[in-house]
Amino acid sequence: MNSDIRSYGLILLLFFMGCKAGFSQANNDELIEQILESIAPNFSEDHDYSEIAERLNSYRKNPINLNLAGKEQLQDLYFISPLQINSIISHREKNGLFLDVLELQSLPEFDPQTVRWLMNFVAVVPPGQLASASVKKLFAKAEHDLILRFGQVLEKQSGFSGSYLNEDQKYAGSAMRMFTRYRYNYSNTLFASVNLEKDAGERSFGGIGNKGFDFYSANISYKGIGAVRKLLAGDYALQFGQGLTMWAGSGFGKGAGLSTIAKQDIGLRPYSSANEALFLRGVSAIIGIGRFLFTPFYSGRKIDVSLSDSLQEISSMALSGLHRTKNEILNKHAASQRVYGSNVQYSSKDLSAG
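Every letter in the sequence shown is one number past the one before it in the working numbering, and letter 175, counting from 1, is 175.
Hint data in this document are derived by calculation from the structure and do not stem from the laboratory. Because the structure is a prediction, the values reported are computed rather than measured. Cβ atoms here follow ideal geometry from the backbone N, Cα and C, with glycine treated the same way. Only true hints are included.
Derived lysine-lysine pairs resembling DSS-like cross-links, with alpha carbons at most 27 Å apart:
(1) Lys170 to Lys156
(2) Lys137 to Lys61
(3) Lys61 to Lys136
(4) Lys349 to Lys94
(5) Lys332 to Lys302
(6) Lys170 to Lys326
(7) Lys302 to Lys170
(8) Lys170 to Lys332
(9) Lys71 to Lys94
(10) Lys326 to Lys156
(11) Lys156 to Lys332
(12) Lys61 to Lys141
(13) Lys349 to Lys71
(14) Lys326 to Lys302
(15) Lys61 to Lys71
For each label pair, taking beta carbons as the anchor points, the in silico distance ranges come out as:
(16) Gly300 to Arg149: 25 to 31 Å
(17) Tyr182 to Leu319: 22 to 28 Å
(18) Leu68 to Tyr216: 31 to 37 Å
(19) Gln157 to Pro108: 52 to 58 Å
(20) Ala40 to Lys136: 40 to 46 Å
(21) Arg92 to Ile289: 15 to 21 Å
(22) Tyr340 to Glu37: 35 to 41 Å
(23) Val153 to Gln312: 36 to 42 Å
(24) Gly354 to Lys94: 21 to 27 Å
(25) Glu37 to Asp309: 47 to 53 Å
Let's have the full structure, built from the sequences with the hints guiding it.
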């Protein structure tokens, strides 16, 4: 089985090296790196910045329309504060539609550096509409991003061959780590994502009962400008308020700026991280009526838990996502979790409540 995995990994690695030139420009863009460095103090140390970088790269290719963007879409940019977002919307309500992106320089809440960054991700253009798209156009005119990641510790670790370990403590799979992510984006209106992952020590591609990768995640979502602002099916995350009740994902760290005191509650967003615990799986939507936003959600999925000796009580929840040893494999998907609810938010010029 190990030889098959190495062969499979070598083939994909060669493919990845061939595609590396195409992906390196987006991943190592100097502008994106500057933005990530500026917002890093506001996030926890273990935050996954690749998701933010890919989102910014997507908006750089398909800029946000300043005349149609709402609060929830502008929040995707991360480096602008709630005060700056409100100033854009307030300026549009008072003075009408933007005629040029350079009008951002007249807003007192924006400093020159932020304006220079923002001009790379926004535009004043007619939006792309899903209704006018044919099936052929949905594939030909869309963006397709593929990430392949492989890794292995060269030194042989004790979990794979330790003579002092019993069979229950040894790792069942190979030392190869594999991660594959595919993303689809049509005109910032229709999105899809598929994630496949195998950690070091986990079984895959061979053996009885194995299904390839250890972790699978997928979602498809639609973003509109009418009553249905967003519709999503699959894996997703929710961020409401300041995270006291509902905030799936990493929390924020300590920042020096006053604008970072309040968290950016993005609300509903597609889940594309490799973390196997901090997400919901089901359906959700954002419905806008006037100044109100309604976000109903439902999730039902299997979770990893440690069971008591009687196998009738849950003693703890397993959040690592690792399934290498016999006990970790037994804990995988040992319980079911059902979560449902709704969030209501009201936003005006100077007030936001939920």
